[in-house]
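Chains as they are written, first to last, in this note's numbering: chain E, 20 to 197; chain Y, 376 to 724.
Mixed in with the good hints there might be a few duds.
[Claimed, not checked] Simulated pairs of lysine to aspartate or glutamate, EDC-like, Cα-Cα distance not exceeding 20 Å: (1) E:LYS128 <-> E:GLU106; (2) E:LYS143 <-> Y:ASP521; (3) Y:LYS483 <-> Y:GLU429; (4) Y:LYS679 <-> Y:ASP398; (5) E:LYS143 <-> Y:ASP522; (6) Y:LYS700 <-> Y:ASP712; (7) Y:LYS440 <-> Y:ASP485; (8) E:LYS138 <-> E:GLU123; (9) E:LYS145 <-> Y:ASP524; (10) E:LYS162 <-> E:GLU123; (11) Y:LYS703 <-> Y:GLU377; (12) E:LYS188 <-> E:GLU23; (13) E:LYS145 <-> Y:ASP522; (14) E:LYS143 <-> Y:ASP524; (15) E:LYS145 <-> Y:ASP521; (16) E:LYS187 <-> E:GLU50; (17) E:LYS138 <-> E:GLU127; (18) Y:LYS568 <-> Y:ASP623.
[Claimed, not checked] Pulled a few chain Y residues facing chain E out of the computed Cβ check, cut under 10 Å: (19) SER418; (20) ASP524; (21) PRO528; (22) PHE535; (23) PRO542; (24) ALA545; (25) LEU549; (26) THR606.
Hints were generated in silico from the structure; no laboratory data involved. This one's a predicted model, so the numbers in the text were calculated from it and none came from an experiment. Where is the CB? At the ideal position from N, CA and C, for every residue including glycine.
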Amino acid sequence: MLCEKCHQNEALVFFSEVKNHQKQNHALCSECAKACSAYIQDPQFSYPLSFQELLSQLVSSLAQHPGPEAVQTQNPKCDFCGMTYHEFRQEGRFGCSKDYDLFEPFLEKAFMAIHGATKHSGKKPKGGDRMEKKVEPIDRLAKLHKELQEAIEQEWYEQAAIISREIKKLEGQQHGIE
Amino acid sequence: MELNKDMLDSNWAWFPSEGQDLDVVISSRIRLARNLANFPFSSKATPEQKENTEAYILGNFAKAKLFQDYTHLNLASLDQNEIALLVEQHLISRDHAQGQGSRSVLIKQDQTISVMINEEDHIRMQILGPGLQLSNLYNTINALDDDIDKHVPYAFHPKFGYLTACPTNAGTGLRVSVMFHLPSLTITKQMDKIYQNLIKKRLSLRGFYGEGTSALGDFYQLSNQISMGKTEAQLIQMLEAVVPQIMDYERKVRENLISHNAKSTNELVQKAWATLRSGESISSEKSMCFLSHIRLGIYLDIIKSDMLPLIHRLFVLVQPAHLQKIYKGAFPPEERDQLRGKLIKKLLQ
Ligand SMILES: [Zn+2]
Ligand SMILES: [Zn+2]
Numbered sequence: 020m021l022c023e024k025c026h027q028n029e030a031l032v033f034f035s036e037v038k039n040h041q042k043q044n045h046a047l048c049s050e051c052a053k054a055c056s057a058y059i060q061d062p063q064f065s066y067p068l069s070f071q072e073l074l075s076q077l078v079s080s081l082a083q084h085p086g087p088e089a090v091q092t093q094n095p096k097c098d099f100c101g102m103t104y105h106e107f108r109q110e111g112r113f114g115c116s117k118d119y120d121l122f123e124p125f126l127e128k129a130f131m132a133i134h135g136a137t138k139h140s141g142k143k144p145k146g147g148d149r150m151e152k153k154v155e156p157i158d159r160l161a162k163l164h165k166e167l168q169e170a171i172e173q174e175w176y177e178q179a180a181i182i183s184r185e186i187k188k189l190e191g192q193q194h195g196i197e
Numbered sequence: 376m377e378l379n380k381d382m383l384d385s386n387w388a389w390f391p392s393e394g395q396d397l398d399v400v401i402s403s404r405i406r407l408a409r410n411l412a413n414f415p416f417s418s419k420a421t422p423e424q425k426e427n428t429e430a431y432i433l434g435n436f437a438k439a440k441l442f443q444d445y446t447h448l449n450l451a452s453l454d455q456n457e458i459a460l461l462v463e464q465h466l467i468s469r470d471h472a473q474g475q476g477s478r479s480v481l482i483k484q485d486q487t488i489s490v491m492i493n494e495e496d497h498i499r500m501q502i503l504g505p506g507l508q509l510s511n512l513y514n515t516i517n518a519l520d521d522d523i524d525k526h527v528p529y530a531f532h533p534k535f536g537y538l539t540a541c542p543t544n545a546g547t548g549l550r551v552s553v554m555f556h557l558p559s560l561t562i563t564k565q566m567d568k569i570y571q572n573l574i575k576k577r578l579s580l581r582g583f584y585g586e587g588t589s590a591l592g593d594f595y596q597l598s599n600q601i602s603m604g605k606t607e608a609q610l611i612q613m614l615e616a617v618v619p620q621i622m623d624y625e626r627k628v629r630e631n632l633i634s635h636n637a638k639s640t641n642e643l644v645q646k647a648w649a650t651l652r653s654g655e656s657i658s659s660e661k662s663m664c665f666l667s668h669i670r671l672g673i674y675l676d677i678i679k680s681d682m683l684p685l686i687h688r689l690f691v692l693v694q695p696a697h698l699q700k701i702y703k704g705a706f707p708p709e710e711r712d713q714l715r716g717k718l719i720k721k722l723l724q
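Start from the sequences, fold in the hints, and give me the full structure.
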């Protein structure tokens, strides 16, 4: 999901703002968030987070076992159906097929608990050729997520930043495909 | 009171009166859950979006000349009893009946296949057939799925498979079920033991009739609990591996009832028979229970075997919506119980 302001970077900061009695949801990249007054005034965030803090938030949410704090601050919201991760957790239902991509970092654990597996191994739609093309980047994504986690654990923050940029780029491409 | 005679002679493919292993296994069912890639799922769809989804699906079916020999029923324009009838005939789910907004069902002429549109998932197709025939039914519904796939873009993920509203259905979107009649295991309180065993195998057992966990008429539905990580064939095999064990278990306990508990078993069946023939007011739960004991009595040679088709029909007809359809009206529960007693007496004579 792209930043709503610059439409360039992947959105990392999700928050809401009440304007004219209406709740508005926002998704910004870390750069635009720093410059956004509504974000700064949001009672949940008394001041904008540093890039380092944002990165660690991102990472903990990408990790397979996100801590409760990470999930609380990192609550991705689907730009297509409006489903947020919190809501998904509460209701146990996806709002649309795009949520699977959006919540993917959280899903492995859930699917392992439900199915004892995290990967489909059955029938594919006959329109499979166009679907197959997505396999490569997604598998690459999974690999990058792993590398990112490792880098953080080793405290190689510079490398982590590079990998995280690569992830954002790849995810951006995937949204482009759709 | 005037009766709706057509209803009394109905037959249902999933409730056969002859077939292999019919003493224990009644029917098989396969369900596939599918969604469209570019429409929100029902829970997140506005009434207008639901309308659009349904129109899109039905429009594409029509263009592709699919389902031309099916009956299309728009649930929003059906009265409550007609919807309840579809539930009692296992043509739609209870969730679909209680849903809101644009939703419908396509039903094949012989009622073996039904396709729900805008249930929890955009498309849910199911096939029901007599006896144990999972692979056979799967082949038929799989071909139908292929046909739909050619004309509707399915939501599919290279890693997670077919995407469904509920994570418990993702992957294959497949639910395979076998319906059993297990009166002996129920009477002798063996069901808990079976539940425990099945959970370990990631299979589930639920009542086939009614809501909640109680199994009306001692009819149970064995299903796969998982839908991801195994192929469709493997999921079918998981069930097929367990079916003979459950059949043997029920049969052994039946033998035991006759050889060691002949007197009390005989009394149980006779009491059911006498009560149902008395015409006294009776709830659908109670009547299902007594019908179950009579069905058991047929296989234990206590009741004549030519009663089987009628007993099967009664299992369906004593349900509230069927009863109201037969007596052409809407009645409060107490009145239904009286009518039910009268109907059973009349048909058992
Ligand atoms: Zn931005
Ligand atoms: Zn969504």
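Starting from the hint list further up, note which numbers the structure goes against and sort them upward. none
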